[in-house]
Amino acid sequence: MNVAKESSALYVPEPAQIIDKEAMTEEETWYHLRLESERSLDHDPGQFVGVSVFGVGEAPISVTSPPSMKDGFELCIRHVGNVTDILRGLDIGDWVGIRGPFGRGFDLEPAKGKDILFVAGGLGLVPLRSVIKTALENRSDFRRVILFYGTRSPDTLLYEDEIAQWDADPDVEFHLTVDMTDDTWKHNVGVVTTLFPRVDFDPKDTVAYICGPDIMFRFVVQQTTRLGIPDENTFLSLERRMKCGVGKCGHCQEGSVYVCREGPCFSYAEVKAF
Amino acid sequence: MIGSKVVSKRAFDEMIQALAETSDVVAPVSRGYDRFSYREVKDASTLEVDGYIPTLNPPKKYFLPPEEVLVEFATEDEASVASGARVRAEPRIDACARVLLGVRTCDLKAIRQSDEAYKDTFEDDNYFARRNRATLIGLTCLEPCDEHAFCAAMGANDVEEGFDLLLTDWGDDWIVSVGSERGDDLLETLQSRAVTEDDRARWEVLQGKREEAFAPSAEKIVPDLDALPDLVGDSEDSAVWIENGDLCLGCGRCNLVCPTCFCFDVQDDVSLGLSSGERKRRWDGCTLLEFALVAGDENFRSDRKDRLRHKLYHKTRSTFDRYGEVFCTGCARCFRTCLVDIYHPEMYNALHERLGGES
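Keeping their order, the protein sequence lines are chains A and B.
Under the numbering used here, residues 1 to 274 are what the first sequence spells out, in order.
Under the numbering used here, residues 1 to 359 are what the second sequence spells out, in order.
In short, the hints are calculated from the structure, not lab data.
Please note: incorrect hints may appear among the correct ones.
Stated by the list, open to error - The calculated lysine to aspartate or glutamate pairs, modelled on EDC-like cross-linking and capped at a C-alpha distance of 20 angstroms, are:
no. : chain 1 : residue 1 : chain 2 : residue 2
1   : A       : K272      : B       : D237
2   : A       : K133      : A       : E162
3   : B       : K305      : A       : E254
4   : A       : K133      : A       : E160
5   : B       : K280      : A       : E14
6   : A       : K272      : B       : D230
7   : A       : K272      : B       : D234
8   : A       : K114      : A       : D169
9   : A       : K272      : B       : D321
10  : B       : K5        : B       : D198
11  : A       : K272      : B       : E236
12  : B       : K280      : B       : E68
13  : B       : K119      : B       : D321
14  : B       : K119      : A       : E262
15  : A       : K21       : A       : E162
Construct the entire structure; sequences and hints are all you get.
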């Protein structure tokens, strides 16, 4: 007997339409989506949604737009799996399914009145962009805003227009690096940690937000720890396999937490206890 | 604790027969070869069987079926579902009223613990549609079911909650504990008598015998139950995981038969016409290689030792931190099904011993 009622929506995606899309690199596409209900997603920076291609599956994707964006929301998706490969072929006007937002995002509250350090590695810029934009919208709440962005090569840069804006913005100390490049590159060459010596930090009053591949976390956290930025002021966003988004399916367990429910954003003090 | 009422086995059997007319009644039934499984029954005769050992699958299958449809979806114009067409998605929850009869205390404990996890933060409607329609009639074991069960070490051979009715064999009668309003209502329909002083005296004798019978089960694990979270939590580099991880085949059988394993995978099945389909969840296991694999081929637990440790970590440290309890009942289904005889008590004892604990 099917006893499903309207209220049982935990696992049921809501239709959302692709309003705009643009290839950002060979591997990543930016999407502007709008829920059919026109309800605002009402997410926190750092939260994620489940994106469904029915018949293929669902993938957890970080929301890249800031909460201040009311007309729909934005995702930036790397095409590396079954669901995301299909998404590459979808066009403006096409539909996907959306569940969420899920999880705990980045909290900017601890950074108020302090310096902010953002460290983004590769696709890690995607979840961080939501919190970077939110911080810049409320620029006067913070002292310095320092932004490190590292990626493999110049052709893998995301959000090039916005990078140019951050680079030109006197209120943002923006540092860019790529692992490898040619002679035309005018920024730093090297992994993202090579940017640390370029800045004088006030570590006790700096709050760091870090997102990138797992290997990057280890090296960046070494730097923040060495500088003396407190563990509880260092925030990370973790990627794990997520099937349900609501702390049930178990795939994203790490230590005593479900990354989808207690995270994906954690302080380093919390991560150390895993 | 002694139950409050005494009912005759014959009257109880008649009640079960009547219940079986209107709803599913399931109980552990012998399948031969010393194997039991939950099957539909028409009376209470299966409450008294010789040689019971825990059913191959725990009763979790009635609340979290091995496979279930969560969502049904279809396009509106017969377009293919993965083509970008708008897809209508509807929830699906299959549930019916069911009486689970003769649920041993280990499984009652596991059901109560699964309930905790499935209502944590987000209540799972599919799980609770079935759980809330279920009546749990438990049965107290008078002795361990076999030499492998370590239920007494896990404190699961007696339960105080997590049932509607709990029966204890009392000769021609059952002593019945009432654990819920639903249980109370059921008992109301039966002729019963209150327990007497004589019953209480006999009960004390019985408990003494049970304690003796369960002593070997209680001694299976050397460290205290409450010490297990720290023991496993602080054991990341222990050789115990390397040794047992080398043995482990990563087959996932222990996960499937575990009454407190409730993880699942989600997959879509599409109709032949491609215009409709179902999103299903299926039991999954953290000891399987793909469990923590993400797109881009990063696997957060690619070693068998890491997956084995993770399984025990989740059942001890994680659940203790979150719910204040170790989520293992000592039913030993994992051991009985294991192809290489990995036995949780041996791992706990080895961890304890290597930390300098006395054995």
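| message | Checking each numbered hint in turn, tell me which of them this model violates, lowest number first. | response | Violated: none.
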